[in-house]
Amino acid sequence: MASDSLITDDLRKLIGVTLDTIVFKVEEGAIQRYAQAIGDPNPLYNDPDFASKTKYGRLLAPPGFTGWPVKAGRLSERLIESLAKAGAPSRLLDGGIEFEFIEPIGAGDVLTATTKIANITERETKLGKTIFTTLETTFVNQKDNVALKSRSTLILF
Amino acid sequence: MAKQVYYDDVEAGTEVTPLVKIATTRMLVQWAGASGDFNPLHYDEDFAKAMGVGAPIVHGALKRAWLGHLMTDWIGEEGKLKKLSCQYRGMDYPRKMRTMEEPHDGETWSCKGKVTKKYEEGSEYLVECEIWVENGKGEKTTPGSALVALPIRTRK
Chain L
1 MASDSLITDD
11 LRKLIGVTLD
21 TIVFKVEEGA
31 IQRYAQAIGD
41 PNPLYNDPDF
51 ASKTKYGRLL
61 APPGFTGWPV
71 KAGRLSERLI
81 ESLAKAGAPS
91 RLLDGGIEFE
101 FIEPIGAGDV
111 LTATTKIANI
121 TERETKLGKT
131 IFTTLETTFV
141 NQKDNVALKS
151 RSTLILF
Chain F
1 MAKQVYYDDV
11 EAGTEVTPLV
21 KIATTRMLVQ
31 WAGASGDFNP
41 LHYDEDFAKA
51 MGVGAPIVHG
61 ALKRAWLGHL
71 MTDWIGEEGK
81 LKKLSCQYRG
91 MDYPRKMRTM
101 EEPHDGETWS
111 CKGKVTKKYE
121 EGSEYLVECE
131 IWVENGKGEK
141 TTPGSALVAL
151 PIRTRK
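As given, the protein sequences belong to chains L and F, one line each in that order. Once you know that position 90 of the first sequence is 90 in our numbering, the rest is easy, because the numbers rise by one and skip nothing. Once you know that position 94 of the second sequence is 94 in our numbering, the rest is easy, because the numbers rise by one and skip nothing.
I should point out that these hints are in silico values taken from the structure, not numbers from a laboratory. Incorrect hints may appear among the rest.
Taking lysine-lysine and the DSSO-like style, the derived pairs with C-alpha atoms no more than 27 Å apart in a straight line are [stated by the list, open to error]: (1) Lys53/L x Lys82/F; (2) Lys83/F x Lys117/F; (3) Lys149/L x Lys112/F; (4) Lys53/L x Lys83/F; (5) Lys126/L x Lys137/F; (6) Lys83/F x Lys116/L; (7) Lys3/F x Lys55/L; (8) Lys25/L x Lys82/F; (9) Lys143/L x Lys137/F; (10) Lys49/F x Lys129/L.
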């Protein structure tokens, strides 16, 4: 029954909306801290001298590195604010992610990350009525090439 | 560095070399700082209880990053990771710290995978894998998949 749905009209209007575009430079230190947090000693991510002599020519970011600004910056604030305003449940869990790696990302690259809400659906789970929000982010590098695409699922309940 | 794996040497069922990980509260703080995910779900006991997960849980994205580590170690320098996806299905709880550096005894996680399919496309030799993070009880808390391109042995 439509009246039982957690997806309000305001939430439905968010489908297709571009949340934000963030431009940021990939920092060497950010890559190293990220690799250390994973526990990955690969010298491509940890040793700038080693990495500069490889085909990548610079410290390489581990797959899935999307930079601090995308996760911690305006984007997540804007997303949570938009969802709350539209009447979405406030408890949230990260549901999963898909990455498509197109070009290497490394230190010094300047990425433009554009995130849109691709879909909002609902189904019954063990958490009760649950909303699944799909976010798509495209990362374009300084050469104007798409370097990375991600599609993540946010669970609201 | 592990020796290079070649397209010629894998087939459906071939195992991806497993990777062992131990999540600790210390590691979760480090991950929060490195990734920029400051959700209190991962470090605040009361908040985690209120969210219905009982206690602070391991970041899904950290487990995803472990799976990235699994795959890039396996495919070696000449391999290329093209796609990676996973779902955060089961909660994982980090070991607490006994000293500044050492965690208490407890759960150990394994990142694992196996080849499901291989095929040529254009100029590439592609291999699909089923991958997952397994908890101490052998449950797949973070199932996913990966698509990689592998080099071929020089043919004469």
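Each hint tested on the structure:
About 23 Å separates the Cα atoms of Lys53/L and Lys82/F, which keeps this hinted pair within 27 Å; it holds. As the CA atoms of Lys83/F and Lys117/F are separated by approximately 14 Å, the hinted pair is consistent with the 27 Å bound. Distance restraint check for Lys149/L and Lys112/F: the Cα-Cα separation of roughly 24 Å lies within the 27 Å cut-off, and the hinted pair is therefore satisfied. Restraint check for Lys53/L and Lys83/F: the C-alpha separation of about 26 Å stays at or below 27 Å, so the hint holds.
The straight-line distance between the Cα atoms of Lys126/L and Lys137/F is roughly 21 Å, inside the 27 Å bound, and the hint therefore holds. A distance of roughly 20 Å separates the Cα atoms of Lys83/F and Lys116/L; the hinted pair therefore holds under the 27 Å criterion. Proximity of Lys3/F to Lys55/L is assessed by CA-CA distance (about 19 Å); at most 27 Å being required, the pair is judged to hold. For a cut-off of 27 Å, the pair hint linking Lys25/L to Lys82/F stands: about 23 Å separates their Cα positions.
In summary, the hint linking Lys143/L to Lys137/F is not supported, as the alpha carbons are separated by about 47 Å, beyond the 27 Å threshold. Taken as a hint, the Lys49/F and Lys129/L pair is honoured in the structure, with Cα atoms around 19 Å apart against an allowance of 27 Å.
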